[in-house]
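Q: Sequence:
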Amino acid sequence: MGVPSVRVAREDGEATRTRLAEADLVDDGHDITVEDGSLYIPVTDPAAVPDEFDVVEFDAPVRESQTMPADRLGFDPSYERIGDIVIVDEDDPERAREIADAIVASDLPVEGVLNRASKIKGETRVRDWEVLAGDTTEVVHREYGCTFALDLAEVYFSPRLATERHRVVEQVEAGERAFDMFAGVGPFVIPFARAGATCVGTDINETAVEYLRENAERNGVADRVTAICGDVREVAADYEGWADRVVMNLPHSADEFLETAVSLVGDDCTLHYYDIQSDDDLYGPGERAIRTAAEPEYEVTIETRRAVRSYAPGEQNVVLDVRLRR
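In case it helps, this note's numbering puts the sequence shown at residues 224 to 549.
Among these hints, one or two may not hold up.
Claimed, not checked - Derived DEER-like restraints, expressed as beta-carbon distance ranges:
| # | residue 1 | residue 2 | range |
| --- | --- | --- | --- |
| 1 | Thr527 | Gly419 | 20 to 26 Å |
| 2 | Glu520 | Pro284 | 46 to 52 Å |
| 3 | Glu396 | Thr359 | 17 to 23 Å |
| 4 | Tyr534 | Gly443 | 30 to 36 Å |
| 5 | Ser501 | Pro332 | 36 to 42 Å |
| 6 | Ser341 | Glu258 | 34 to 40 Å |
| 7 | Arg286 | Glu463 | 51 to 57 Å |
| 8 | Glu393 | Arg549 | 47 to 53 Å |
| 9 | Pro519 | Asp299 | 51 to 57 Å |
| 10 | Gly443 | Glu520 | 33 to 39 Å |
| 11 | Glu429 | Asp502 | 36 to 42 Å |
| 12 | Gly443 | Phe298 | 24 to 30 Å |
Treat the hints as calculated values from the structure; they're not laboratory data. C-beta: ideal position from N, C-alpha, C; glycine also.
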């Protein structure tokens, strides 16, 4: 049975493997294989692989030296990994326990297993967790060469957005001034700063801001990162007209902050606006809201319309990259 694998020329194999490993996408349960001059690198989440790579189904051999959870369960469980913690999403307590026990008994390098116990809730966008194995919800996550310390019980973080974040990071140039209005632990701010930008990140979650500062130190960019705890609508007065790039990753309610975002914008700025909308009109509501907030003071150019991932039946998490010129 085929497994999703990135197919690259053999000479590009190591660079590709390294990049996929930094995004925690390499499937350790199957061997990397050479066939007919191409290298096949099994991946855990084909949807998260950058678009530039060719993902195919390939009959990669199971790594014989490893026992995987499926070997003990008799079925292939659904889970995701953040650092050394494995996350499952099971409503049935017995099934959740069975999967957790199989993960711990396997050869996967894990320190704990968590089960989602609630939906994301509240102003700080956190959820409840059931600890099935281990004794902590704190983890160090690695993504495209950056490391992020975080506590899943205290802050919002989604590893599924790694590819989207990297897409935006690749647009950043040294010397830019970037403002992340809902920065969390820094998954945009930290790589922006590594790319040479001067960054401001705000968040209403005090714990997230503490981790943001720690992560700036951890990644050697503290001198280019200002982390502020507070409502961005109150902080923005100190940064009017400051930004060359603004990130608005607060789906469902980003439109409520567009007036603030426009106040941050300099003479020529790129705005990354994240939204969740119906398949019937994915981009129209966001585009209209941005134009209402920015015109006529700014010329508005929609440079990218992109569906990031499925959110719910009939709904998509989307992004608009918007150029605002005064």
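Q: A separate judgement is required for each hint: does it hold in the structure or not?
A: Checked hints:
Checked against the hint of 20 to 26 Å, the C-beta distance between threonine 527 and glycine 419 comes to roughly 22 Å, which is consistent with it. A hinted range of 46 to 52 Å is violated for the C-beta pair glutamate 520 and proline 284, which are about 60 Å apart. Against the hinted window of 17 to 23 Å, the Cβ-Cβ separation of glutamate 396 and threonine 359 comes to about 38 Å, which falls outside the hint. Between tyrosine 534 and glycine 443 the beta carbons are some 35 Å apart, a value that agrees with the proposed interval 30 to 36 Å.
Restraint check, serine 501 to proline 332: a C-beta distance of roughly 41 Å satisfies the suggested window 36 to 42 Å. With their beta carbons about 45 Å apart, serine 341 and glutamate 258 fall outside the hinted range of 34 to 40 Å. A beta carbon spacing of about 55 Å between arginine 286 and glutamate 463 agrees with the range 51 to 57 Å that was offered as a hint. Range check, glutamate 393 to arginine 549: about 25 Å between beta-carbon atoms, so the 47 to 53 Å window is missed.
Look at proline 519 against aspartate 299: about 55 Å separates their beta carbons, and that is inside 51 to 57 Å. The given range of 33 to 39 Å is respected by glycine 443 and glutamate 520, whose C-beta atoms sit roughly 38 Å from each other. With their beta carbons about 37 Å apart, glutamate 429 and aspartate 502 fall inside the hinted range of 36 to 42 Å. Separated by about 43 Å at the C-beta atoms, glycine 443 and phenylalanine 298 break the suggested range of 24 to 30 Å.
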